[in-house]
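Each residue of the sequence shown is one higher than the one before, counting from 364 in the numbering used here.
Since the hints were derived computationally from the structure, they do not count as laboratory data.
On a predicted model such as this, the values are computed, not experimentally measured, just so you know.
Glycine included, each C-beta is placed from N, C-alpha and C at the ideal position.
PhoX-like mimics (lysine-lysine), calculated; alpha carbons at most 25 Å apart, straight line:
1. Lys-369 with Lys-619
2. Lys-622 with Lys-367
3. Lys-622 with Lys-556
4. Lys-622 with Lys-568
5. Lys-568 with Lys-482
6. Lys-619 with Lys-673
7. Lys-482 with Lys-556
8. Lys-369 with Lys-622
9. Lys-619 with Lys-568
10. Lys-619 with Lys-367
11. Lys-556 with Lys-568
12. Lys-673 with Lys-622
Pair ranges (Cβ atoms, derived):
13. Asn-392 with Thr-510: 40 to 50 Å
14. His-570 with Pro-518: 47 to 57 Å
15. Val-625 with Tyr-452: 46 to 56 Å
16. Leu-522 with Arg-647: 23 to 33 Å
17. Gln-394 with Arg-647: 18 to 28 Å
18. Val-475 with Met-364: 44 to 54 Å
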Amino acid sequence: MSHKTKMTLLAIGSVVAIGLFLFIGLTGNWQYILERRFTRIVAIAVTGAVIAIATIIFQTITNNRILTPSLIGLDALYQLIQTFIIFFYGSTNLSATNQTINFFLSIGLMIVFALILFKLLFKRGNNIYFLLLIGLIFGTFFQSLSTFMQVLIDPNEFLIVQNRMFASFNNVQTDLLYIAIGIILITLLYLLKFTRYLDVLSLGKSHAVNLGVDYNRVVQQLMVIVAILMAVATALVGPIMFLGILVVNVTYEMFKTYKHSVLILATVFVSIIALVGGQFIIDRMFNFSTTLSVVINLVGGVYFLYLILKENRTW
364 MSHKTKMTLL AIGSVVAIGL FLFIGLTGNW QYILERRFTR IVAIAVTGAV IAIATIIFQT
424 ITNNRILTPS LIGLDALYQL IQTFIIFFYG STNLSATNQT INFFLSIGLM IVFALILFKL
484 LFKRGNNIYF LLLIGLIFGT FFQSLSTFMQ VLIDPNEFLI VQNRMFASFN NVQTDLLYIA
544 IGIILITLLY LLKFTRYLDV LSLGKSHAVN LGVDYNRVVQ QLMVIVAILM AVATALVGPI
604 MFLGILVVNV TYEMFKTYKH SVLILATVFV SIIALVGGQF IIDRMFNFST TLSVVINLVG
664 GVYFLYLILK ENRTW
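Using the sequences and the hints given, assemble the complete structure.
The following block contains the structure:
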């Protein structure tokens, strides 16, 4: 089956999944229900596309298919921010109750953290794996601080913190969604300058340098783009750690190619199908008894272990 046929099938699958989500079970005030569902479907599609694009860029830079941008520590920092606000200021504080303020505060802190991390490490040489190691250490530190504060927090407010630890598409504000889309579009337009380097970067650092790529500059810019995309997606709906690994590796299995023009578009469709289909199943079959991020992290975590065991067998 050709790449064009596979891409067409994925596009049709995305449209079908979106159609089922939007129109199945419309009763009563269907205009209000349709409007609410439309907001959710846009949030799902945008989040899935952003995480997929960020992950495929990150894996290309690191030349490793089992890594995720979450290793930088942004997910853990988001959890720490939410816990910190509730712990010190309470759930009635404006930064906790106002989603717009919370959104910009979370994005700002995550991007500043990522930029400081990149600035310090790239000054000492462009060692991607050292960056991942430091990010993992910071992520563990942030999670430990979050857990410590959650143990001491008031039980009623702990429920609010716990609710923000998992991604949710149910209460996304329309204004907030449009702001996020604006930031994402600007970032993706900037990404277009560097897409022509991705195919070469997938060959590794030495080959990229030999082929004339300004490796340090390109990688630094791409890492900043990845950080911005992940920060926006996480601040918008919450952390979904294993989504990127899951959809990107499924795309790699479907499309045996190095061309990122094909891989990026395909992984966006796969991500939309996975998220929209998953949310539809949770709404209809599980009756909102769990959240999509829990299911995605479960399936993605199992798949992640499979990839590790698969890589281990090839050594």
